[in-house]
Each structure stands twice: as C-alpha cells, then as structure tokens.
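Chains as they are written, first to last, in our numbering: chain A, 1 to 253; chain B, 1 to 253; chain C, 1 to 305; chain D, 1 to 305.
You may find that some hints are simply not true.
[Unchecked claim] Calculated lysine-lysine pairs in the DSBU-like style (CA-CA distance at most 30 Å, straight line):
id: 1; chain 1: C; residue 1: K169; chain 2: C; residue 2: K290
id: 2; chain 1: D; residue 1: K39; chain 2: D; residue 2: K20
id: 3; chain 1: B; residue 1: K2; chain 2: D; residue 2: K46
id: 4; chain 1: B; residue 1: K197; chain 2: D; residue 2: K46
id: 5; chain 1: C; residue 1: K169; chain 2: A; residue 2: K2
id: 6; chain 1: A; residue 1: K197; chain 2: C; residue 2: K20
id: 7; chain 1: C; residue 1: K290; chain 2: A; residue 2: K197
id: 8; chain 1: A; residue 1: K2; chain 2: C; residue 2: K39
id: 9; chain 1: D; residue 1: K290; chain 2: D; residue 2: K169
id: 10; chain 1: B; residue 1: K2; chain 2: D; residue 2: K169
id: 11; chain 1: C; residue 1: K39; chain 2: C; residue 2: K20
id: 12; chain 1: C; residue 1: K290; chain 2: C; residue 2: K39
id: 13; chain 1: D; residue 1: K169; chain 2: B; residue 2: K197
id: 14; chain 1: C; residue 1: K290; chain 2: C; residue 2: K46
id: 15; chain 1: D; residue 1: K169; chain 2: D; residue 2: K46
id: 16; chain 1: C; residue 1: K46; chain 2: C; residue 2: K20
What the hints contain is simulated information worked out from the structure, not anything from laboratory work.
Source: prediction; values computed, not measured.
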Amino acid sequence: MKLHTVEVLQRERFGDHALLRYRWTGSPPEPGQFVMARVASSTSPTRSLDPFLPRPLFAHDYDGEAMRLLFEIRGRGTALLAGEGTELLVSDPLGRGYTIDGGPVALVGGGVWVSPLKLLARHLARSGVAHDVYLEIPAAAPEAYAAWISGSYPDATLVPTGGASDASRAVLESIGDLSRYAGLYASGPAPMLDAVKRVSRDTIPSQLAVRERMACANGSCYGCAVPVWEAGERAYTRACVEGPVFPGEVLAW
Amino acid sequence: MKLHTVEVLQRERFGDHALLRYRWTGSPPEPGQFVMARVASSTSPTRSLDPFLPRPLFAHDYDGEAMRLLFEIRGRGTALLAGEGTELLVSDPLGRGYTIDGGPVALVGGGVWVSPLKLLARHLARSGVAHDVYLEIPAAAPEAYAAWISGSYPDATLVPTGGASDASRAVLESIGDLSRYAGLYASGPAPMLDAVKRVSRDTIPSQLAVRERMACANGSCYGCAVPVWEAGERAYTRACVEGPVFPGEVLAW
Amino acid sequence: MVTRRATVVGTDPDVDLGVKLCGILLATPLIPAAGTLAKETLGEVKGVYGAMLPKTVTPRPRAGNPPPRVAEVSSGMINSIGLQNPGLDRFLENLTDYDVGLPLFVSVAADTVGEFVAMCERFAGEERVSAVELNLSCPNVEHGGLQFCAGPGTVREVVAACRVPLSGKPLFAKLTNEGVVNNAVAAEEAGADAVTLINTIPALVLDPRERQVSLRGGLSGPAIKPIALRAVYEVSQVVGVPVIGVGGVTSGTDVAEFMLAGAAAVQVGSGSFVREPQEMLEEFAAYLRKNGLRARDLADALTER
Amino acid sequence: MVTRRATVVGTDPDVDLGVKLCGILLATPLIPAAGTLAKETLGEVKGVYGAMLPKTVTPRPRAGNPPPRVAEVSSGMINSIGLQNPGLDRFLENLTDYDVGLPLFVSVAADTVGEFVAMCERFAGEERVSAVELNLSCPNVEHGGLQFCAGPGTVREVVAACRVPLSGKPLFAKLTNEGVVNNAVAAEEAGADAVTLINTIPALVLDPRERQVSLRGGLSGPAIKPIALRAVYEVSQVVGVPVIGVGGVTSGTDVAEFMLAGAAAVQVGSGSFVREPQEMLEEFAAYLRKNGLRARDLADALTER
Ligand SMILES: Cc1cc2nc3c(=O)[nH]c(=O)nc-3n(C[C@H](O)[C@H](O)[C@H](O)COP(=O)(O)OP(=O)(O)OC[C@H]3O[C@@H](n4cnc5c(N)ncnc54)[C@H](O)[C@@H]3O)c2cc1C
Ligand SMILES: Cc1cc2nc3c(=O)[nH]c(=O)nc-3n(C[C@H](O)[C@H](O)[C@H](O)COP(=O)(O)OP(=O)(O)OC[C@H]3O[C@@H](n4cnc5c(N)ncnc54)[C@H](O)[C@@H]3O)c2cc1C
Ligand SMILES: Cc1cc2nc3c(=O)[nH]c(=O)nc-3n(C[C@H](O)[C@H](O)[C@H](O)COP(=O)(O)O)c2cc1C
Ligand SMILES: Cc1cc2nc3c(=O)[nH]c(=O)nc-3n(C[C@H](O)[C@H](O)[C@H](O)COP(=O)(O)O)c2cc1C
Ligand code: FES
Ligand code: FES
C-alpha cells in the first residue's frame, strides 16, 4: 500500500471525536470513498509499524486543496491519528463511493458515520441534485460534537435520539413519506443501515456505506468480506474494492 | 522494571551524539551506574512498546537536580531518545559503579564511552582525590562533539587518534609512567579496556566499565553475561547487578 | 550464465538483483506471498517482483469464512480468510489476467491427495505456469481439528504424488513452521524442487471487553520474522533444494536477512499491506550496493563468527 | 470456599484477585515466568504475585551460553541464556532466599528421565516447595539438534516418572508451542496436575551489516501472545487439568485475555522487563471491577458469539 506523507493543516477535538484536515493535491475523493491513514513518529528514523495496520477513514470533505477526515477515537490507531506532533501518512482515495443519479434524494446518517455525507452533499449540490439531509445526534454525544455537526450540516434535519436501534427508527420516521425521493443514501450504525435497507426494499433504491475490518485495502487480502447476492447466491465480496458503498438490495445481511 | 516519567530539560545534538538532561529527584547516581531509558509517544493512550526494550545508558553527570546522559545515536532506540516531542521514561540509577579509594588516580576514556567519567571526576573532586583525565578523541568524531568534549572536560588531556586499536595505545602512552597513580579508572572501546586491563595487571589496580546487551537490568534474565574469574574458575556474572564496573583482574576476557 | 537485470525505477541499474530459482531466472528475488496480492493491484508492482504468485486455488470454488476475517496484533495481524477463491476452472479461464511479463507460479491446495494430483495434472500442460507451489499448511482450513499435512508422512505422500504429473515443472512445497525441518526433509526426499517457509502460525485474538474470541486464524507480519528466519536457516542447513523465505518482511534489510539465512528468493505478504514493495526493493538494492554484493551471492555471504 | 484477598497497593480491596491452582490458593493469578525474576528483585514485587517461581534448576551447575545472550526484535526479544544456574545442591541450600510469604513453585530441567526423577525426589520432601514445574521445553539446550521432549512420548515418560516421587505435590508440565495439544494430553494422561503453556519459540536474529547470525534462541514477548493464547484456548478445550498461561503478557488486559482463554493463572516473563508487574495487576483489577467479575470467574466468562 502506497502511503503519502501529507501536511496536517488542522486538528480539532470534540470530546471523543476528531477532525483532521490535510493538504491533498492527489486525485480528488469521490463521495463514499475512504483513505487508509496512519501516523509516523517524525522522530523515528525508520517508520514505526506500531500499530501495524493503517486505519480506514471516509473522506469527510474535500475543497480541492484540503482533505478532511472526521472520526471517533476508539483505540490506539485513532488516538494516534488525533494526536499532536506526528507525521500523517495517507493513501489515495480508495474504493467505490456513492453513485449520483437523479434527485431528489434523502441522505440519512447516524453517529460518527455521518462523515461521508458531507462530501456527498457537496457533490449533489454541484450536480444540481436536490437533497435533504437527516442526521441522528445521539443523546450521549458530547455537546461540542453535536454543536459542530449542526454547524457543519446547516441545512440538515437533526434528530436527537437515545440508543442505537431506537435511533434508526426515529431518523427514518422523521423523513416521513419516502415516495418524495428518488433514492436514499445512508451511512450510520448497523441497525440504521439495516432499517434503511428494509424500508428501501419495497420503495426506493438505497446506497449504503458499510464498514468492515480491512488490512490491505486494495483487494488483495479478502479480509473485508461483505455478504452480497451474486447471481442469486450469497457470496462474499470485498468492501475495499467493490464497496464500501453498496446498493441496499445487493447486501445479503 | 519500574520506569519514571521525567521532565526533559535539554536536548542537544553533536553530529551522531546526543546529550539529554532531565529533572531527577530520585536516588542520586553513583559514578559508573547507568539508567534504562525509553521514550513514550506522549500522544499514545497506551505506551508503545516499540522498540521493545529500554536502552542502558551511563549516568554522565548529576548536579543534584538534573541528570545528564551522553550517547551515540546508533539504532532506533537511541534515535528516538535523541528526538523531540516524546516523553522520557527512565529507571532509577542501577548497577555497581566505580569504587573511590585513595589517589592520585588516572581516568582513561575513549569515544562515547567517556560518558561515566564526568560524574566520576566530580565525585573524586568532592572526595578530594587527585585525578588526571586522559581522553581519546577519534579523528573521525564530528567537530561539534570534539569541541563539546573538550569544553566538558576542561582539565583533561585530549589525545586525538586514528583507529580503535591504535587509540588505546596512544592514550595509554600519553599517560607515561603509571606508577604515579594508585589506580586506573577506564571506560572506552573494547580494545582500550583490554589494554588498560593488561597494563594494570602488573602495575596498579584498574576498574573498567563494561557494556553488555541487557534486557531486565535487575539481575533477573542473565542476559548481560560477563566472563569473570570466580574462585579461580571462569564463570559468567551479570553486568547489570555485579557491574557494569569491574576490577580489571576479575574480568576473564 | 546471464541473469536478467531488473529495471527498477529509482534503483541503481548496476546493482544486480537477479536470482535463479530452480532454473527460472527472476529479475528480483521478491515474490508476492500467496494470498496477498490481487489481480487488481498487479499494475502497481511492475518491476518489483521477480515472479507472480496468485492466491491459492482449490479444486472447487470456496466462499471463505464469515467476517470478521482479520485482526491486528502487536507487530502483525491474524487472518482467517478460509481460502476464498473461484475454484480451479474459473482460475484457469482467467489465467491471462496474470500476464505481466513475469514467470507465473500458482499455489494450490486440496483436501485429498487425489485432488492435489488432479490439480497438478491440469497445470502440467499450462504453458503460462512456470511452477506450482503446494500449500500444505493453511491453518484456517481444518479437518476435524487437525491441519491437513501435519506431519512428514503426509508431506511425503502429497509431494511424491504431485511430482508425477508435474515432471516438467518445478514443484515447491509450502510448509508450516510446526515440524518444519522434518517436513522439509520429507518434501525434498519426495521430489520437491524447493520449499517455501513459512505459512502463518496458528493464533488467536480475544476481545476482553466483549469477552469473546475475536478471531482464530494465522499470525503473519514482523512478529513471526525471527521464527521464519530460524526455519529458513535450519532447513537450509539440511536440505539441498532452494528455500523460499517468507514471514514478516517489511523492508529491504529484511529481504537481505532472509537471503543471508539461506533463502534463494523471498516472498512478501502482509508487509505489502503496510509498506510499498517498491520501497523494500529499493532498500534491498541500496543494501547490496553498500555491501558490494549481488542478490544471488547473499545466500553464501553469511560469515561465521 | 475462602479465597485469600490480595492486598495490593493502589488496588480496590473489593476486587477479588484470588484464584485456586491445584488446590493452592494464590492471592493473585500472576506468577513470575521461570527464568525472569531474580532473588535480587523479590522485594519489588511484594503483593503482586500469587506464587514465587525461580529460574529453572538443573542437577548440576550450568555456566550458561557465551554472550551475547539477548537480542531485541519487533514486539519482543530473543534469549539464549543456556539455563545458567548454580545446580540443585546450591539451589536447595539457598531455598530460604525465596521465603517471601508466597507458595514456592520450582522449575526443574534435566537431560535424562532418571535425572528428572532424582531432582523430583529431592523436592518431594521439601516443605517449602508447593509445586514442581517440569521444564520440558527449553529451546536453548539442545541435544544433537533436537530438543529434549520433542514429542508426546517423551512428555508422557518424564511426567509419569516424576509423578511417582512427587505423589504429594502438584506437578506442572511446561510445554513448548510445537505440538502443544498432543503434548498437553500426554502430560495430563501421565498424571500432570497442570500444564504451563508456552515456553519461548525457536527463533533467530541476523545482523545484516556484519552478515552474521546474531543469536539463535527463544522468542518471547508480545510477538508470541496470539500464539500462546491460541495454545491456552485449544488445550483448555481438551484437557481437564488447569492451564497456566504464559507468553507476551505486558498489561492487565493481557492477563484477562489469558484467563478468558482458559488459564487458571498467568505467568509474566519478558513483559516484566519493560513494565512493572504491579501496574499490570492494577490494570487487571480495574478490568475486573469494570466488568463486575472475580479473577476466578474469568475462565468461565468467555461468551460465544
Ligand atoms: C471504509 C471505512 C470507512 C470508515 N470511516 C470512518 C470514519 O469516517 N469515521 C470513523 O470514526 N470511523 C470510520 N471507520 C471505522 C474506523 O476505521 C475504526 O473506528 C478504526 O479503524 C478503529 O481503529 P482504532 O485504532 O481506534 O481501534 P482498534 O480497536 O485499536 O483497532 C484495531 C483494528 O481493528 C480495526 N477496527 C476497529 N474497529 C473497526 C471498525 N468499526 N471498522 C473497521 N475496522 C475497525 C482497525 O482498523 C484495526 O485494524 C471506517 C471504517 C471503514 C472500513
Ligand atoms: C551499562 C551500559 C551503559 C551504557 N552507556 C552508554 C552511554 O553512556 N553512551 C552510549 O552511547 N552508549 C552506552 N551504552 C550502549 C548503548 O546502550 C547502546 O548503544 C544502545 O543500547 C543502542 O541502542 P540503539 O537503539 O541505538 O541500537 P539498536 O541496534 O537498535 O539496539 C538493538 C538492541 O541491542 C542493544 N544494543 C545495541 N548496541 C549495544 C551496545 N553497544 N551495548 C549494549 N546494548 C546494545 C540495545 O540495547 C537494544 O536492545 C551503554 C550500554 C550499557 C550496557
Ligand atoms: C490475508 C492473507 C491471506 C493469505 N492467503 C494465503 C493463501 O491463500 N495461500 C498460502 O499459501 N498462504 C496464504 N497466506 C500466507 C502468506 O502467504 C505467508 O505465508 C504468511 O502471511 C507469512 O508471510 P508475511 O508475514 O509476509 O505475511 C496468507 C496470508 C495473509 C496475511
Ligand atoms: C531471559 C529469559 C529466561 C528464561 N528462562 C527460562 C527458564 O529458565 N525456564 C523456563 O521454563 N522458561 C524460561 N524462559 C521462558 C519464560 O518462562 C516464558 O515461558 C517465555 O519467555 C514466554 O513468556 P513471556 O513472553 O512473558 O516472556 C525464559 C525466558 C526469558 C525471556
Ligand atoms: S481489505 Fe484486503 S481485500 Fe479488502
Ligand atoms: S540484564 Fe537481565 S540479568 Fe542483567
């Protein structure tokens, strides 16, 4: 995996969440694409391979010069990425993102998984596709994060929710009549994706961003298996090259 | 091994050599004692164990408040120790150092191994033991380092030398008649220690600082084996607890 | 003997990276480890590898194991892919996908000796295929709790049986670390032209928060490098056939270490997920230049102390 | 059943760290791994360990291997100490050195079955000694290239023979990872009261600059943790006797992982060189508190998914 050393322009923390902005002049990300990211201690003569694997993170936003990543700090890898004083190494944008067709469309997101919807909204606007954004803000989310989200998605309908399974229902209910839309774009916790997939089956097409553990992120290792329907049979495909965005009806959860 | 997080007061580089000064209010080092040192990325939630082992480094100097380490940057561990932006973790002073008896004595050092002689000279001065310092400055040493050494040991006789085996001879020759001294204290490259051990056999007692690879540094692992004479038999003893300073006649090289 | 020179971008053209493996000239000693380089990525690695080696193929298609399939550990990773592959027929249909101007090696696995032989028969007549690597060691495909090919008896049987149809092509036996010396000797005696050491080591990751087993699978990466080096070194002392080293390579120095330990060629697996093989090759070339050595001299360049 | 409570500085007194191992109550599940805690350091670890376990003792004094004896590798180290020890007689003379108010386990190794038995006879009558661990696995002491106790046959023979004099005391068989499941079953059948898994894994470090083998020895540390966890997990499924887990523990979560995998107690080796066992115990206590568990419940606290 080719990783580029990039210049970090900004690091922000909102509770357990972090925003990372870096200069990016490589190929621009499509919405729903992701990058592999790791740190290298700038004092290290040989790059440290601890933690061993880079971390997959969605392209949150891109303005032609700077890339933004938005992520939750969970373990060592994300903690290091959010930390100061380290060099940032990132891959090119990877995978297959959202496909933009006609509108109007609804964007549905939850938790930190809202990340790819920002760039998607930007592309939809650029293509003149009408879209509404519905985001879950969990009650447990730190205030700073909630404030930042509402600032970052000024036109979005924010749905404050309690727990995860409840969340999906509340967010979908806030949309009301789905027949207004030509498509549903989703990125959220598993129960939300499930719910979106279910409602879309009988109504309108959906595109869901999935997350699987990844190692190579280039199709080599078959580590990021996602069950899909292939010619009527359940089969595993690779989230990193065939996804991470899949049409709802393809996923064989 | 108990390691303390300490405040780094100063980091200096002279070519491939580095000086590290940190606040130390624990037990004061005896000359010839060493510490185990490692870095911890301050951004890491769990301390990184890469590289796995801490590095043994002589106490170079101590003024009651700050400890100084002087070392050559060789591999990853020492490069990280010399680098900026990392937390420093150090052990208490460890091992058995030089024993101070009557004077006058000669201190003989070479290369970066001169390190422990600074603290030794300080202690000798404090105890009123007359001493002369003879240091090899290899021709290959970076100028900044040579300059620093001569500044740091203002009263020392500096002997510029070519290679390692030549060095030992040149330095010893510069001492002249050894019978002026009651003892020889040495810390230098292996050939120098060898030479000191040899000349001291028939003349005056010597104390040599040895260097062996270490893991536990507390006597547990038997990794730091040094061959010594024990009741007439050759046996391995542990540099970390029985040394690192040994009387020349005890070493069974 | 003429050795092909690799033309590697950023590498001194005067450094001779070529090696010979069972009579096959490789422009560089690097080979992708089976299961760690997809067709999709072939373009990226032009000039880096000396041969191509796709993921292990089995007689019939295999769906593979349910996710999660990978987990990270200290200095490495664990995988449990379960040999997902399209099966022999589809593999053969699409063999031209691997036409990148390099010798093509194929890795095969099967449940029975008969199936191993049947696969080798299919490859025997395949001009595109330069050598066959028998995967005798996958820790993720289990048969009643025991690994296929656990001991020298089975190794001997499979290798001897596959030797027959493959009379014209080099046959490599890829072995696990467990019992590696005895198994390598058995493989050589049964007619293997080379042994590939080592496959991943059975390992387990637990999630202490969820109090669940996260993954049972095979350990790879730098964590196993000292173990793989030991296997290569010990086996090189006792067998006459070339050894192909694999396990934890992430740098050019690692490549040099494997060759000093006795490897004639070196496979790169999980290391290619975290660094660029191209960079490793450049580092290896720099090492050779600095030491005034050619790649093919390294196996004899170990000095006693 | 009354379990002793550990009084650990900085640890919540309400967390129950006690475990029972072959009828012996341990105040904490931590035990120093054989060969990794010297007498000189006993003072530092009061209240941390549940038992004491000195370096392996052999019938006669052993000088050990020439230096270098240790080398660093990714996430671990390699050692080749060569069982340096003063021999059985001196060890017994100085047994009171280990009187620190904890059950004393002793680790023994020998070249022949007869010598193993002779040592066990000496320990059988030693009141100070609560249990004997047979080191059946040292990778640094070789006999004609093969390790002593390579297979289940030898394990069975040694354990059965040592069982006789030690009828009153628990007997642990410490096994290497190679063939661990079969060897553990053999040890249990021959009468071992527990199995200790795993010893270091044969490995090698090369110096590419000097083009020399730096060290052949045994790999320990976090690099082997997933391998050791797998061994503990697999063996726990098939033997009825307690398993003592060892390999790569450097944190309290690691201790919990070994116990979830099935270990009744956990040994800490090279991890104690780089972190404080005291800190690991505190982390372990914090883990138990957070999860509302007692140490002795962990072995049954693994949930299926
Ligand atoms: C395509 C893709 C895009 C993603 N985008 C985002 C994003 O924009 N924002 C965000 O907060 N998170 C995102 N994630 C999840 C994110 O990658 C994980 O939270 C992160 O890898 C955890 O690393 P860690 O070091 O904090 O945790 P650790 O627990 O230390 O990670 C250990 C290993 O598990 C993997 N892992 C752990 N959790 C996950 C997870 N949920 N999904 C995948 N791998 C995991 C890590 O990558 C690593 O290999 C994305 C995942 C994928 C696959
Ligand atoms: C008691 C003692 C005191 C020392 N004091 C000093 C000092 O004051 N100044 C100084 O420059 N050096 C000193 N050294 C040597 C210093 O410890 C090594 O140069 C250093 O450990 C190399 O680490 P690295 O990460 O740079 O090299 P690497 O090659 O990455 O080290 C790999 C491993 O080998 C060990 N190692 C490598 N070289 C040596 C060596 N020469 N001696 C011991 N272990 C080694 C390391 O500790 C580590 O475990 C001392 C050594 C000992 C034993
Ligand atoms: C994701 C993954 C998939 C693998 N698949 C195969 C395979 O199909 N056949 C095989 O023989 N080895 C397979 N291996 C093992 C590697 O070829 C190699 O032997 C092992 O990973 C050690 O090398 P490394 O440390 O460089 O990864 C696989 C390894 C990984 C990490
Ligand atoms: C320096 C050192 C010395 C060791 N000596 C012994 C020994 O004498 N007897 C023994 O059974 N195991 C010995 N071992 C192995 C350990 O007891 C333990 O099984 C192994 O190191 C794995 O655990 P770890 O990763 O926690 O170190 C030794 C290990 C090390 C690192
Ligand atoms: S992460 Fe390797 S195939 Fe997707
Ligand atoms: S370093 Fe462990 S005994 Fe000296």
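How the hints compare with the structure:
no. : hint                 : result
1   : K169(C) with K290(C) : violated (36 Å)
2   : K39(D) with K20(D)   : holds (25 Å)
3   : K2(B) with K46(D)    : holds (14 Å)
4   : K197(B) with K46(D)  : violated (41 Å)
5   : K169(C) with K2(A)   : violated (34 Å)
6   : K197(A) with K20(C)  : violated (55 Å)
7   : K290(C) with K197(A) : violated (59 Å)
8   : K2(A) with K39(C)    : holds (16 Å)
9   : K290(D) with K169(D) : violated (36 Å)
10  : K2(B) with K169(D)   : violated (34 Å)
11  : K39(C) with K20(C)   : holds (25 Å)
12  : K290(C) with K39(C)  : violated (34 Å)
13  : K169(D) with K197(B) : violated (51 Å)
14  : K290(C) with K46(C)  : holds (25 Å)
15  : K169(D) with K46(D)  : holds (24 Å)
16  : K46(C) with K20(C)   : holds (19 Å)
Checked against the numbered hints listed earlier, the structure breaks hints 1, 4, 5, 6, 7, 9, 10, 12, 13; every other hint is satisfied.
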